[in-house]
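Chemist: Quick mapping for you: the protein sequence lines, in order, are chains R and S.
Take the first sequence: its letters are residues 7 to 122, numbered as in our numbering.
Take the second sequence: its letters are residues 80 to 190, numbered as in our numbering.
There's no promise every hint is true.
Claimed, not checked - The list that follows gives simulated cross-link-like pairs (lysine-lysine, DSSO-like), each with its CA atoms no further than 27 Å apart:
1) S/K116 to S/K137
2) S/K147 to S/K101
3) S/K147 to S/K121
4) S/K101 to S/K182
5) S/K150 to R/K13
6) R/K71 to R/K13
7) S/K116 to S/K147
8) R/K13 to S/K121
9) S/K182 to R/K71
Think of the hints as simulated: they come from the structure by calculation, not from any bench.
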Amino acid sequence: SAVISQKPSRDICQRGTSLTIQCQVDSQVTMMFWYRQQPGQSLTLIATANQGSEATYESGFVIDKFPISRPNLTFSTLTVSNMSPEDSSIYLCSVTRREGIPETQYFGPGTRLLVL
Amino acid sequence: GENVEQHPSTLSVQEGDSAVIKCTYSDSASNYFPWYKQELGKRPQLIIDIRSNVGEKKDQRIAVTLNKTAKHFSLHITETQPEDSAVYFCAASISRAALIFGKGTTLSVSS
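Please work from the sequences and hints to get the whole structure.
Modeler: Right under this line is the structure:
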């Protein structure tokens with residue numbers, strides 16, 4: 007398995023501000039993903055973080071709102087921009103080891119975000 | 080795109096009974112189907128998975144079955160215990176190994 011950490015673990019933010027969430031893995035992984043889990047809901051894929059290139063966003067998510075970086079094979083950031091109360095969610099990163107081949111996805115502990 | 084439907088949304092059983100959760104998927108190209116268990120305040124944890132070249136997989140009290148023709152797969156938990164109480168999510172893989180999740184099933188096991 008992979009050891010995944012996220013920072014911050016939780017935060018309370020004011021509307022209109024931005025928050026950057028970090029995801030760090032203890033070993034090189036190929037695929038990194040960002041998910042959102044709204045209160046009492048399932049996980050929704052935001053985007054695939056691609057190393058060295060722009061992230062691939064799912065329908066309903068745009069780069070201006072959720073810019074993502076992945077400078078190397080063990081680290082990625084997700085920024086939630088111009089936040090509103092509707093952005094209050096748990097944000098989770100996940101990783102797999104083998105590109106293009108279904109493989110176990112491991113999830114980070116999540117970042118709990120509350121927007122006032 | 081892929082869509083995963085999961086039923087039931089809640090399931091209550093007595094300790095020792097069996098529990099079955101069912102999922103259907105829409106994209107016939109999906110070929111990997113994991114099940115995750117999420118306890119309150121914790122991250123999702125993989126409990127079992129199945130690939131499209133296998134019809135059934137078992138791990139102690141947990142089993143998963145896959146019917147590719149009908150595009151549905153099921154989680155079976157036998158001899159349920161109170162610690163099995165959690166939210167269970169099914170998922171299907173689309174291209175690039177990303178997962179599309181069902182809406183979840185809240186399982187309550189009473190002793």
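Chemist: Report the numbers of all earlier hints that the structure fails to satisfy, in ascending order.
Modeler: 3, 5
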